[in-house]
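Add chain B to chain A, keeping to what the hints say.
Residues per chain are reported as follows:
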Amino acid sequence: NAGVTQTPKFRVLKTGQSMTLLCAQDMNHEYMYWYRQDPGMGLRLIHYSVGEGTTAKGEVPDGYNVSRLKKQNFLLGLESAAPSQTSVYFCASTKSGINEQYFGPGTRLTVT
Amino acid sequence: AQSVTQLDSQVPVFEEAPVELRCNYSSSVSVYLFWYVQYPNQGLQLLLKYLSGSTLVKGINGFEAEFNKSQTSFHLRKPSVHISDTAEYFCAVTSLRGSNYKLTFGKGTLLTVNP
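Sequence order for the protein chains is A and B. For the first sequence, the working numbering begins at 1 and goes up steadily by one. For the second sequence, the working numbering begins at 1 and goes up steadily by one.
Derived by calculation from the structure, the hints in this document are not laboratory data. Just so it is clear, CB atoms sit at the ideal spot from N, CA and C, and this is done for glycine as well. The hints are all genuine.
Listed next, with one range per pair, are the computed distances between beta-carbon atoms: (1) A:P8 / B:S80: 36 to 42 Å; (2) B:R97 / A:E79: 30 to 36 Å; (3) A:G3 / B:L96: 25 to 31 Å; (4) A:E59 / B:L51: 22 to 28 Å; (5) B:Y39 / A:E59: 23 to 29 Å; (6) A:S96 / B:K58: 20 to 26 Å; (7) B:L110 / A:E59: 21 to 27 Å; (8) B:S80 / A:G63: 42 to 48 Å; (9) A:M27 / B:I60: 16 to 22 Å.
Pulled out of the complex, with its shape left as it was, chain A reads as follows (with noise of 0.2 Å):
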């Protein structure tokens, strides 16, 4: 059981290209999340999805996209890089709000 993966961990992107990150989890998980991680602000809601297909808005989702085509995976994408989206960005998954969300290590990415 590797729980939940993110590729790649580490990530330098020039101002205006693109990427996706890749959240995958093995635990046949319902609901999953990116996060983004930056000092003093805790951890901010960027997309999340309630099942497979389904993707929506959290609390900070402009310059991002996602998608949920298949129920373990959950892609996060940066169509045009922006400095301000230099950060750490995570994913998790859970079963339910009453079960605990289970978060990957996290992609550290730097814009310049």
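For chain B alone, coordinates are given in the frame of chain A:
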């Protein structure tokens, strides 16, 4: 809407001393409450959670938290800390209705345990 306030951004303590990390929440409906811990360069892992029932909740690594509905608080405590407890701690809340189990996190408290 729901929100979480962690009253201290940093808490330095000496090894074997007791510690309390404070968390207050705001919500118009009933909530579930969580404490997560993040060790350096790692993801978050659950310390403990309050869903219902006894207001004193015990978690891993000797931590416990008390839910106080009248004070809208969920403070985390440990009677004797160890160097290995150095980490960032996050309080989080989700409401029971209409939230799709979205967690709202506090900004975190960095606990530093000194020898």
